[in-house]
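Peer 1: What follows is each chain in one-letter form.
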Amino acid sequence: MGLKPGTNPDVEAVTIELSIDGKSVTAKSGVSLYDVISSTGKIIPAMCYHYTFDPFGSCGMCLVMQEGKKAPVRSCTAKAAAGMIIKTDGDDLFLARKKAVEKHLSVHPLDCPVCDADGHCELQDMAFRHGVTNLANAKQKFIPEDTRSPVLDFNMNRCIACAECINVCKDVLMIDALQFMKKGGFNQVVPKGDLALSCEFCGDCLAVCPVGAITNKFSKYLYKPWQMKKTTTTCNYCGDGCQMYLETKDAEVVRVTSPLSWKNKWGDRAETAKGHGGICVRGRFGFEYIDSAARLKQPLLRKGNQLVEAPWLETMHQVVDRFSEIRRKHGPDAIAGLITARCTNEELYLFQKLMRAGFQTNHLDSSARYGHLNFVHASQHALGIGRSPNDWEDLTKAKAVILIGSNLTETNPLTAVRIKEAIRVYKAQVVVIDSAVTNMAKLASHPVLIAPGTEGLVIDGLVKAALELDLIDETSVKKHPHAFEALKAAVAHVSLEQVAVQTRMSVESLKDTVTIFAEASRSIILCAEGIVRRPDGYQNVLKLIDLAWITGKLDQPGCGVNTVTEEPNEQGAVDMGAAPEFLPGQVSFNDQTARDRFAKAWDVTLPAAGSGANLVEILKGCKTGQIRALYVIGENPLATLPASMEVRAALDRLELLVVQDPFLTETARMAHAVLPACTSAEKDGTFTNLEGRVLRVREAIDPIGESLPDWHIMTALANALGCQWEYESSNDVQAEIMKLLPGYYNLGQPRKVVPVIDHYLSNGYAADVAVRYRASAPSDAKNGRPFALLMGQVLYHSGKLSTEAIGLITIAPNTGRLRMNPQDMERLAVSEGTTVRLTSDLGSMQLAVQSDHSIAPQTCFFPEHFNEPPVKDLMSVQVDPTTGVPTFKQTRVTIEKA
Amino acid sequence: MRVAALTKQILQAALFYEIWDAMKVTFKHMFHKPITFQYPREQRTLPDTHRGALALLRYDDHQERCVGCDLCEAACPSRCIKVISLEDPERPLQRYASEFYIDITKCVFCGYCVEACPVNALAMTKMYEFSTHDKRTLLFDKKRLYEIGERHLEDAKKYLYAHNQEKNVEESREYRYYFPQSVLKPTQPPPKHLG
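Keeping their order, the protein sequence lines are chains E and P.
Letter by letter, the first sequence follows residues 1 to 898 in my numbering.
Letter by letter, the second sequence follows residues 1 to 195 in my numbering.
Derived by calculation from the structure, the hints in this document are not laboratory data.
Since the structure is predicted, the reported quantities are computational estimates derived from the model, not experimental observations.
Even glycine gets a Cβ: it sits at the ideal position worked out from N, Cα and C.
Take the hints with a grain of salt, since some may be wrong.
[As the list claims (entries may be wrong)] In silico contact screen, one side only, chain E against chain P (beta carbon under 10 Å); selected entries:
id, residue
1, Val107
2, Asp111
3, Cys112
4, Val114
5, Asp118
6, Gly119
7, Asn157
8, Gln227
[Said to hold, decoys possible] The calculated lysine-lysine pairs, modelled on DSS-like cross-linking and capped at a C-alpha distance of 30 Å, are:
id, chain 1, residue 1, chain 2, residue 2
9, E, Lys872, E, Lys897
10, P, Lys142, E, Lys139
11, E, Lys263, E, Lys230
12, P, Lys142, E, Lys220
13, E, Lys297, P, Lys82
14, E, Lys217, P, Lys142
15, E, Lys220, P, Lys143
16, E, Lys249, P, Lys135
17, P, Lys82, E, Lys217
18, E, Lys230, P, Lys106
19, P, Lys82, E, Lys230
20, P, Lys82, E, Lys229
21, P, Lys185, E, Lys182
22, E, Lys87, E, Lys70
23, E, Lys217, P, Lys135
24, E, Lys42, E, Lys28
25, E, Lys192, P, Lys185
26, E, Lys249, P, Lys158
27, P, Lys135, E, Lys220
28, E, Lys99, E, Lys70
29, P, Lys185, E, Lys141
30, P, Lys143, E, Lys139
31, P, Lys142, E, Lys249
32, E, Lys220, P, Lys82
33, E, Lys141, P, Lys167
34, E, Lys99, E, Lys69
35, P, Lys142, E, Lys230
36, P, Lys167, P, Lys82
37, E, Lys442, E, Lys800
38, E, Lys249, P, Lys167
39, P, Lys142, E, Lys229
40, E, Lys99, E, Lys230
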């Protein structure tokens, strides 16, 4: 309705005084009267009001008496003006509100016993509060329920037309999937165009609906709200770290709700900058993997060609005996370990301690190696901090955001909501630079479509444009004149016209982008998989840091170069030292003081400095036979890496492969022993999200079958090897981490980090930067193949874990089809469903196509979560020389009609 | 006189007078009509409001009344009712109880569940004879409860009439719960007044 919230920092408004219940209150002129009243601490009943969006004024419950007006006034839509005299209580108001409730109830069906919102319904609460027992005349609507969508059901009989769902979808989430439509004489909420609902399925409309008009199909009729136990935990799907409530009944997870469903509606609108309390489709509807029938309930041992169930004791004895034998015969360097970043901080810490102190080897790595470590290394090298410096509040309040190489809505939807709030409320200018028409590109002020794989060149162009337009921050460069000269020399050969030709981003666009970025007071760069999971990721992040440095955006509050993480605890994996080059706390493994400290704390000798192997080197070692035993926790390299990495051959060669996973993955099928781990819903621990915030994961149900938390299995393994670990719970591990990394947990607030660029700029910067901007064509030369094949994440899935959740597979099944631009399809004379032959330098396969408008011409896309058909095997792998990150998400292909 | 009193005393002692005196009440009662019920040959007539074993009822066309709303579970002070509700897959949006357990050993027969039931699916009967040698049979599952309902339908209905939960008239018998109807597949005929 256009009422500016009083807490928006940009609002320029006069302060006025008015009287509420006889007391004088100061407020900003023009804000909603309801906000003013609730700021005094008095909560008036309201049903259609929600603090995350502008008031709508449809329910008629928030009545107050204003002196001078005969009838009660709806306070939510009334604007505060100077000199108002307001009365908020009294018998007349009680009766007026009671009449409003009766009006709603008289068209409301008597569905309470069968309604999923029974007990959690605002209409029930209002009726109870106002003592409504009889209705004079009731008229039912008898509208059939819309059950067409796979996820949400719309029962318009129960709808009170409060428009909260429409407002949340349009205003807060900027998806706009719902609308009012007059059907059959009634105003109903229907999906846009009255088609079956097909949107992002974030479920926020479900969360804000005050009655049971929108219900969840996956938990339909399975519960009543009062029966369930709510456990506050952190979502296990992406690096956003959203808080959610796992609602369990009798040791089964029945549904997932977000703080938005339960939060006091009368919250402070400024708090939404830290997160509006919603979750996404994966968090809300992807919980069914927890008690899936495919969960491993017993350990498995290989007998002959088969994996048979075995009891824990026997399995552990075998595993320990074989590990010890291999270590005795071939030394500790024959053992290696891989862990997933979906494990908690405590488990990651124990993992690297087990490998280094227990097995005495430094051959270990985590799934953060697949891309995040590019950012960490670049950021550490240049700025001394190994993570994103800005939190969600900074992202929301930014004035300029450059989103490069990131399909943010698909990978980290809630971070995308922060950017959407920045666009909508804080009027930020957002430049989206991507090789597909992403959701953020459709909402941003400056969307730019570039040729695939040319992000590095774009950054070259931006730096050059900054220098050409003299958008330099004098204070920042004056401190390091030599470094600045070196940078200028390095980009001297870059020509904006050339960049424009190769990237398809016009010179005008490059100049506009840099101008917006440099001139804004709070500027953020957000890069993600399009930068760090591609070749030259490390160098490209360093280039972004160069750009931020010369425009003076590194040490200003609210500015910085950030990334988002795909798995929930990638940041934690690096912080806990689950990488051969790091010890816990992101200190170098070769740093002698740190080595001494940890050696003393753990009472062991650490493996030699300079030793150790990362993911790619471990796989190579397995192939050559140097590594004979591999301990894999939660990772699935066989299904993730392309065939050119020869993972199967490598794993075949191993003498001992132990896999610890909640599911029987492809890698687990090759194992000699499979240990059933439990999911994050069945253990306690912490995750570190992309902001650097440490969030708690809590146990909602007991571990299923005989599965055990990873930390428990590792403790048992270590003790059987002879270390004397006394961890009885994850709290004990936390206590140890707290001693070794003081201040890490920081009570759930991101630790403030200050980027320090001086050391980096004064030591060898010139040599570094000279090679960084070397003139080169995009890293994958066309070599005669006209299409660029990209693999990436889709919104409804995350890694391979989400494919075990039946709900998400129902929403977004594996179509097995290649997504192409409709114009390309027309040119090749293929239609939807036709089979084509896809050929890369490494091989060829046949698959059907489907059209997708968001795919740019001359590109095609296949989701990375599915291996049927194994499109990933067409990819070649490039390993970054500095960081060891393998990249395999992009290649060039030929497409022909089959 | 001392002699008369002494004689009385001796006579009373010789003829056991105290005993006959005390037995007067006993002999009198021998000829009273007994009020003991010779159970199990004679049984007490129970009033209609008697709270015996619980029963689940059906409509006249054999459809289950219970909609699986869990209100009885919430109302029970001994927490002996357990309901698992589901959506009937053949009839979308129809809610029903797929599992319904009453642990009759915990039940205190207070009748709160019957009061709470919005569709009068639960009722109490005059049955109190369900002792057994196997305690497991005392966990009444849905099948058992519907059996009791069938066998004691009259008593159950009388209970509901006596407690003013249902009227013994035609309209009451025809009333049934109108579920939300799916737009894809309607499952109930529209209510009478809508035609």
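Peer 1: For every hint, state whether the structure bears it out.
Peer 2: Hint check results:
{"no.": "1", "hint": "Val107", "result": "violated, 15 Å"}
{"no.": "2", "hint": "Asp111", "result": "holds, 7 Å"}
{"no.": "3", "hint": "Cys112", "result": "holds, 8 Å"}
{"no.": "4", "hint": "Val114", "result": "holds, 4 Å"}
{"no.": "5", "hint": "Asp118", "result": "holds, 7 Å"}
{"no.": "6", "hint": "Gly119", "result": "holds, 9 Å"}
{"no.": "7", "hint": "Asn157", "result": "holds, 6 Å"}
{"no.": "8", "hint": "Gln227", "result": "holds, 7 Å"}
{"no.": "9", "hint": "E:Lys872 x E:Lys897", "result": "holds, 20 Å"}
{"no.": "10", "hint": "P:Lys142 x E:Lys139", "result": "violated, 35 Å"}
{"no.": "11", "hint": "E:Lys263 x E:Lys230", "result": "holds, 14 Å"}
{"no.": "12", "hint": "P:Lys142 x E:Lys220", "result": "holds, 21 Å"}
{"no.": "13", "hint": "E:Lys297 x P:Lys82", "result": "holds, 27 Å"}
{"no.": "14", "hint": "E:Lys217 x P:Lys142", "result": "holds, 25 Å"}
{"no.": "15", "hint": "E:Lys220 x P:Lys143", "result": "holds, 24 Å"}
{"no.": "16", "hint": "E:Lys249 x P:Lys135", "result": "holds, 26 Å"}
{"no.": "17", "hint": "P:Lys82 x E:Lys217", "result": "holds, 23 Å"}
{"no.": "18", "hint": "E:Lys230 x P:Lys106", "result": "holds, 27 Å"}
{"no.": "19", "hint": "P:Lys82 x E:Lys230", "result": "holds, 20 Å"}
{"no.": "20", "hint": "P:Lys82 x E:Lys229", "result": "holds, 16 Å"}
{"no.": "21", "hint": "P:Lys185 x E:Lys182", "result": "holds, 22 Å"}
{"no.": "22", "hint": "E:Lys87 x E:Lys70", "result": "holds, 13 Å"}
{"no.": "23", "hint": "E:Lys217 x P:Lys135", "result": "violated, 39 Å"}
{"no.": "24", "hint": "E:Lys42 x E:Lys28", "result": "holds, 18 Å"}
{"no.": "25", "hint": "E:Lys192 x P:Lys185", "result": "holds, 22 Å"}
{"no.": "26", "hint": "E:Lys249 x P:Lys158", "result": "violated, 36 Å"}
{"no.": "27", "hint": "P:Lys135 x E:Lys220", "result": "violated, 34 Å"}
{"no.": "28", "hint": "E:Lys99 x E:Lys70", "result": "holds, 17 Å"}
{"no.": "29", "hint": "P:Lys185 x E:Lys141", "result": "holds, 18 Å"}
{"no.": "30", "hint": "P:Lys143 x E:Lys139", "result": "violated, 38 Å"}
{"no.": "31", "hint": "P:Lys142 x E:Lys249", "result": "holds, 20 Å"}
{"no.": "32", "hint": "E:Lys220 x P:Lys82", "result": "holds, 18 Å"}
{"no.": "33", "hint": "E:Lys141 x P:Lys167", "result": "holds, 27 Å"}
{"no.": "34", "hint": "E:Lys99 x E:Lys69", "result": "holds, 19 Å"}
{"no.": "35", "hint": "P:Lys142 x E:Lys230", "result": "holds, 29 Å"}
{"no.": "36", "hint": "P:Lys167 x P:Lys82", "result": "holds, 28 Å"}
{"no.": "37", "hint": "E:Lys442 x E:Lys800", "result": "holds, 28 Å"}
{"no.": "38", "hint": "E:Lys249 x P:Lys167", "result": "violated, 37 Å"}
{"no.": "39", "hint": "P:Lys142 x E:Lys229", "result": "holds, 26 Å"}
{"no.": "40", "hint": "E:Lys99 x E:Lys230", "result": "violated, 35 Å"}
The structure fails hints 1, 10, 23, 26, 27, 30, 38 and 40 (numbered hints given earlier, in ascending order).
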